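Asker: Top to bottom, those sequences are chains A and B. Here the first sequence is numbered in the working numbering, starting from 1 and rising by one per residue. Here the second sequence is numbered in the working numbering, starting from 350 and rising by one per residue.
Take every hint as true, because none was put in to throw you off.
Some chain B residues near chain A, calculated using beta-carbon distances under 7 Å: (1) P555; (2) N578; (3) K579; (4) T585; (5) T586; (6) A587; (7) K614; (8) I615.
Subject to a maximum C-alpha distance of 30 Å in a straight line, what follows is the list of computed DSS-like cross-link-like pairs (lysine-lysine): (9) A/K157 to B/K593; (10) B/K577 to A/K126; (11) B/K599 to A/K270; (12) B/K579 to A/K126; (13) A/K114 to A/K297; (14) B/K583 to A/K270; (15) B/K599 to A/K157; (16) A/K301 to B/K579; (17) B/K593 to A/K188; (18) B/K577 to A/K133.
Which residues of chain B face chain A? A few of them, derived with a C-beta cut under 10 Å, are: (19) F562; (20) T567; (21) I570; (22) M571; (23) L580; (24) R582; (25) E588; (26) E589; (27) K593; (28) I598; (29) V604; (30) N609.
Just so you know, the hints here were simulated from the structure itself, not pulled from any lab data. Keep in mind that this is a model prediction, so the values were computed, not measured. C-beta: ideal position from N, C-alpha, C; glycine also.
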Amino acid sequence: MEVLDNKCPSCGAKITFNPKNQKWDCEYCGSKFTLEEMKKYNNASSEKANKKTTPKKKLDNLDIYTCKNCGAEVMADEQTTATFCVYCGSTTILKDKIDGGISPTKIIPFKKVKEDAIKAFKGLSKGRILMPKFFNKEENIEKITGVYIPFWTYDIKASGQIDFSATDIKTWSDYNYRYTKTDKYLVKRDSSMYFSRILVDGSSRFDDDLMDSIEPFDFNDLVDYNHAYLSGFLAEKYDVDSNTAIERANTRAMNTTIAMTEATVVHQTKVVASNSIALTKISDDYILLPVWMVNIKYKDKIYTFAMNGQTGEIVGNIPLNVSKTIIMSILLFIGIALITFLVLMVIGG
Amino acid sequence: MKRYLKIVFIIVISFIFNIKLVSASTNTNIRTDSNYLINDWIEVNDSNRNNILTTPAVDAKEKIYDFADLYDDEEEKLLYNKVNSYINSYNMDLVIVTIDKNNKASPMEYADDFYDYNDFGISSNRDGVLFLIDMQTREIYMSTTGTAIDMYNDYRIDEALDKVYQYMTDQDYYEGTSDYIEIIGDYAEAGFPKNNSSYGKGSFNPVVVSIVFSAIVTAIIMGILISKNKLVRKATTAEEYLNKESVNIKSISDVLISSNTTRHKIERSSGGGSSTHSGSSGGSHGGGGHGF
Numbered sequence: 001m002e003v004l005d006n007k008c009p010s011c012g013a014k015i016t017f018n019p020k021n022q023k024w025d026c027e028y029c030g031s032k033f034t035l036e037e038m039k040k041y042n043n044a045s046s047e048k049a050n051k052k053t054t055p056k057k058k059l060d061n062l063d064i065y066t067c068k069n070c071g072a073e074v075m076a077d078e079q080t081t082a083t084f085c086v087y088c089g090s091t092t093i094l095k096d097k098i099d100g101g102i103s104p105t106k107i108i109p110f111k112k113v114k115e116d117a118i119k120a121f122k123g124l125s126k127g128r129i130l131m132p133k134f135f136n137k138e139e140n141i142e143k144i145t146g147v148y149i150p151f152w153t154y155d156i157k158a159s160g161q162i163d164f165s166a167t168d169i170k171t172w173s174d175y176n177y178r179y180t181k182t183d184k185y186l187v188k189r190d191s192s193m194y195f196s197r198i199l200v201d202g203s204s205r206f207d208d209d210l211m212d213s214i215e216p217f218d219f220n221d222l223v224d225y226n227h228a229y230l231s232g233f234l235a236e237k238y239d240v241d242s243n244t245a246i247e248r249a250n251t252r253a254m255n256t257t258i259a260m261t262e263a264t265v266v267h268q269t270k271v272v273a274s275n276s277i278a279l280t281k282i283s284d285d286y287i288l289l290p291v292w293m294v295n296i297k298y299k300d301k302i303y304t305f306a307m308n309g310q311t312g313e314i315v316g317n318i319p320l321n322v323s324k325t326i327i328m329s330i331l332l333f334i335g336i337a338l339i340t341f342l343v344l345m346v347i348g349g
Numbered sequence: 350m351k352r353y354l355k356i357v358f359i360i361v362i363s364f365i366f367n368i369k370l371v372s373a374s375t376n377t378n379i380r381t382d383s384n385y386l387i388n389d390w391i392e393v394n395d396s397n398r399n400n401i402l403t404t405p406a407v408d409a410k411e412k413i414y415d416f417a418d419l420y421d422d423e424e425e426k427l428l429y430n431k432v433n434s435y436i437n438s439y440n441m442d443l444v445i446v447t448i449d450k451n452n453k454a455s456p457m458e459y460a461d462d463f464y465d466y467n468d469f470g471i472s473s474n475r476d477g478v479l480f481l482i483d484m485q486t487r488e489i490y491m492s493t494t495g496t497a498i499d500m501y502n503d504y505r506i507d508e509a510l511d512k513v514y515q516y517m518t519d520q521d522y523y524e525g526t527s528d529y530i531e532i533i534g535d536y537a538e539a540g541f542p543k544n545n546s547s548y549g550k551g552s553f554n555p556v557v558v559s560i561v562f563s564a565i566v567t568a569i570i571m572g573i574l575i576s577k578n579k580l581v582r583k584a585t586t587a588e589e590y591l592n593k594e595s596v597n598i599k600s601i602s603d604v605l606i607s608s609n610t611t612r613h614k615i616e617r618s619s620g621g622g623s624s625t626h627s628g629s630s631g632g633s634h635g636g637g638g639h640g641f
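Turn these sequences into a full structure, and let the hints guide you.
Answerer: Here it is, written out as structure tokens:
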């Protein structure tokens, strides 16, 4: 098994990708390199430059590698494709893991740095008075890590016929009677539409709903995959295959197709009577998307937060400060009841 | 001696006759600008001065004011007893007025003025009902004041007058009036109508209203605050991935399959409100009329 490392072409120290200038910065000698330069110095896609490393032992699902920088043992599980050495902090890219199965075709490199993520996370307390104090304190967020998460994208074409049962109800009345007129219609529509790059989380390790919530990504930043982008970050490999993940994309495409078609039916109520929409996968793509992740333990429960590493959108379910919530509810209730009572007294009195 | 007896007889007869005359007709007092003969709560001003002066001032204890002479003495006595028993049972005043000349704009105005500018009504709310038979406009009119406004909502007034106007058309004034007193007595016996907005307003419990209102508002506010902490939502649509130009929806057909019209008789419930208006005195009345 192979371990890839990105080394500074000028001094040989470890080198990482800097989202701020989208270049590779050497912390040691201060050199900066573009992707072309990295490629030129046989770093980015070179295999010869790196010694072959095989996992020494297998420990359950963990493979153990030797860090090329300091010789310490690095543990990585099946899905990890890039990790850090816990001793010296140097990035280890596990090349054969990337190659096992399909390798990503595209990647959106990180745009947001760790400081952006910390700032966004601290901003969560704004306007959220029920958030527990110190929940987003610095030491909790310190552990925030940039992870390239595997996603599947699907181009899907939807086409077919949808029949709706539609109803219009009109009521009117004269002095003696109330009239109700119910008109029923059968409405048939032929629909076709195209969806491009519907995203589906390809890793079972991350909650699908959480990954839905950090959408959308701007695909204009999508570039060809190069493992050099992984340096400085963690990376995961997909473990949900394309044929399984597409279900989620199909459901979303179907819902939108029905909704778009339904919008063209101008009746008061409409119910799908029959649906023969066929969804065809035009293409799929395995891509890596940048996400800042942090797990926070609060009252024995783990809360996972994710920030879109491209747009800065931060999501996660924030725990409630239960006692604060209860006290506030009671105070609000008493306060409003008192004010209402006084107002009623003034009006009624 | 015979002559003496004769004189006594004539005196007795004329005395009885006189008393009869007094009870059959209605005594009215004269109102003047120096003595309006009205209750203290009424403020006299230019707009109501004329209304006051044109309203007969009567003894409020008589209850039956048969200016149009529609009842005979016996009937008047019977009505008086019924009226008294109504007043005692339900704690509301009841006044019966008949007129053959209406010197006011409407039966409503006559009834309201008659009630307000004489000393009618029980308690400080002047609770009570006035029933007017106006022979000039050929209308019966019922004016309500105080609690009677709530007791006799528009629906009850309409129903009561509906039931008795035919008697008046048939010139059965006594029967009609007597029936009317019975009907309004039955209503009072049944209690206040339900869903009476006017009564409801006076009776809702402000504590209950405050608690319910506050519970709802608190739930909404807390719901908003709590939902702010939930940022994870499953995506169920793919709208952001839809290529807008690719959308092609063709209408194949839009056919009317069936059309069905049903009708339901509108139930006019006995609930509902009491509409009120202000008389020239400024007092508030409910009421309604019916031609005959």
